[in-house]
Amino acid sequence: MNIFQGLGNTCFKASQAFGQWVFFVGRALFSVVRPPIYWRQWGKQFFHIAFLSAPVVGLTAIFTGMVLALQSYTGFSRFSAESSIATVVVLSIVRELGPVLTGLMVAGRVGASIAAELGSMRVSDQISALWTMGVSATNYLIVPRLVALVVGMPLLVLCADAIGVFGGWCIARFVLGFNWILYTRETFEFLRIDDVMSGLIKAAVFGLMIASISCYQGYYARGGAQGVGEATTRAVVLSSITVLLMNYVLTSLLFVR
Amino acid sequence: MIALEVKNIWKSFGSKHVLQGVNLSVMEGESLVILGGSGCGKSVLLRIILGMLKPDKGSIFLWGKDISAISDAERRALMIKIGMLFQHSALFDSLTVWENIAFGAIASKKIIRKEGYDFAKKFVEKIGLDVSVLSLFPTDLSGGMQKRVGLARAIAQQPSLIFFDEPTTGLDPLMCRLIDDLILHNVRSLKAASVTITHDLISAKRVGDRVAMLYEGRILWEGAIDHIDACKDPYVRQFLEARCVDKVL
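These protein sequence lines map, in sequence, to chains S and F.
For the first sequence, the residue numbers in my numbering are 1 to 257.
For the second sequence, the residue numbers in my numbering are 1 to 249.
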């Protein structure tokens, strides 16, 4: 096979996989409102995906907020613009860092777990067992994870925003010696509801992307333990890249007018 | 009435022709064994019968309904009348034994979750396991116990047609005998039809009324289980006598 055949083959397989993914997402979205709805699974997945991700997201946010305050101070003090630190910290976190870092952390933690779990179920015939029992794998396995991520991600981003801003506030108050009342007032002075909402919209889209890519990779995993491993790696890499790509697309749609 | 009818099924993967015009039928209450060597297309045939794979040509009829011409909801309703024991049991490893056994009944709303434990208890007793296993997870069980729980799950919805995919593979002779006896007993008490896919001749003779020998994607021989020893077909003879030869006929 020459290089052009190889390239053509790869492109063909990639477009085939993309088309299959589009159908997979469409079917899952349609199934959200189509019974049967497995409420218990919805709750279980929400707990595992959203609630248990809160500590890692919180830790990421607090350190990011702290570093941001320190770096802003180092840079802004050179031209006596320390008063802008609060605004820079809050806008950076709420608009960009909160959603993106939460997306990346969740893609790593949850994306890997979803792909590995569904992949193991696929190669050990558990998904076939669902089929033989007349249970829709889409309704039982995919929809609960999709809903948990689309609903859970904005909630996690809200937490990340609050914790990140608090991290910056702590550094300003206890390390840099800022007046905390003034810093708090400056934090909220230029923050608009649109800034928060844009972050939440991004979060929901990232949630949809992470869930659909990870579920797709796991659901169509092939080839035993090695296949599950490869599917898991693909899920994390593709989810992370898609988060960054969609962040650019959404930023250009939401902020550039 | 015919429970299952397989009509002229063809299936290829690339240049490999796995099934080449398979015809089979199973009457209600009858037990058919599909015998064949490794890689002869038994599992592909089973997946096509269950609707997990689409055939290139041919049709599958379950109680007279062509499964390729029914809606998703109709298929799911039909599946409730079917039980399946997978080769490696395929128990849901995130659920306990009782949740596995009661899964189908809860999903189809025959029972509510609160009744699941007592529901599963009846079936665990039927397969000769202690009720203490009900709260364990599948990974806590031995291969033989997993197979028995898989059997309990397969019969839990009182199916009219049960499929067994290599039910005795990987088990010791005593456990094989036990699984065969449990299959026989439970299938008869349900008055269900069954299709067992195996390459274990001893097991086939225990559980089958009729046998179909699959070879190179075709049914090579079909008849009553008592008549297989008298079969003159060279491949069937080779299979029965487990002769090692340079070339498989």
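There's no promise every hint is true.
As the list claims (entries may be wrong) - The list that follows gives simulated cross-link-like pairs (lysine-lysine, DSS-like), each with its CA atoms no further than 30 Å apart:
{"#": "1", "chain 1": "S", "residue 1": "K13", "chain 2": "F", "residue 2": "K81"}
{"#": "2", "chain 1": "F", "residue 1": "K122", "chain 2": "F", "residue 2": "K109"}
{"#": "3", "chain 1": "F", "residue 1": "K54", "chain 2": "F", "residue 2": "K126"}
{"#": "4", "chain 1": "S", "residue 1": "K13", "chain 2": "F", "residue 2": "K16"}
{"#": "5", "chain 1": "S", "residue 1": "K44", "chain 2": "F", "residue 2": "K110"}
{"#": "6", "chain 1": "S", "residue 1": "K44", "chain 2": "F", "residue 2": "K54"}
{"#": "7", "chain 1": "F", "residue 1": "K121", "chain 2": "S", "residue 2": "K44"}
{"#": "8", "chain 1": "F", "residue 1": "K110", "chain 2": "F", "residue 2": "K65"}
{"#": "9", "chain 1": "S", "residue 1": "K44", "chain 2": "F", "residue 2": "K65"}
{"#": "10", "chain 1": "F", "residue 1": "K54", "chain 2": "S", "residue 2": "K13"}
{"#": "11", "chain 1": "S", "residue 1": "K44", "chain 2": "F", "residue 2": "K114"}
{"#": "12", "chain 1": "F", "residue 1": "K81", "chain 2": "F", "residue 2": "K114"}
{"#": "13", "chain 1": "F", "residue 1": "K205", "chain 2": "F", "residue 2": "K191"}
{"#": "14", "chain 1": "F", "residue 1": "K7", "chain 2": "F", "residue 2": "K57"}
{"#": "15", "chain 1": "F", "residue 1": "K122", "chain 2": "S", "residue 2": "K44"}
Stated by the list, open to error - To spell it out: a stretch of chain S is covered by chain F in this simulated footprint if at least three of its residues, at any positions, have a beta carbon under 8 Å from a beta carbon of chain F; those stretches are:
{"#": "16", "region": "97-111"}
{"#": "17", "region": "133-144"}
What the hints assert, rightly or not - Over the 10 Å line for every Cβ pair with chain S, so calculated as not near, a few chain F residues:
{"#": "18", "residue": "F13"}
{"#": "19", "residue": "G14"}
{"#": "20", "residue": "G21"}
{"#": "21", "residue": "L50"}
{"#": "22", "residue": "M52"}
{"#": "23", "residue": "I67"}
{"#": "24", "residue": "R75"}
{"#": "25", "residue": "S94"}
{"#": "26", "residue": "T96"}
{"#": "27", "residue": "D140"}
{"#": "28", "residue": "L190"}
{"#": "29", "residue": "L201"}
{"#": "30", "residue": "Y215"}
By construction, these hints were calculated from the structure, which means they are not laboratory data.
Nothing here was measured: the structure is a model prediction, and the numbers come from that model.
The beta-carbon is built from N, C-alpha and C at its ideal position, and this holds for glycine as well.
Which of the listed hints are not met by the structure?
1, 3, 6, 9, 16, 21, 22, 24 and 25
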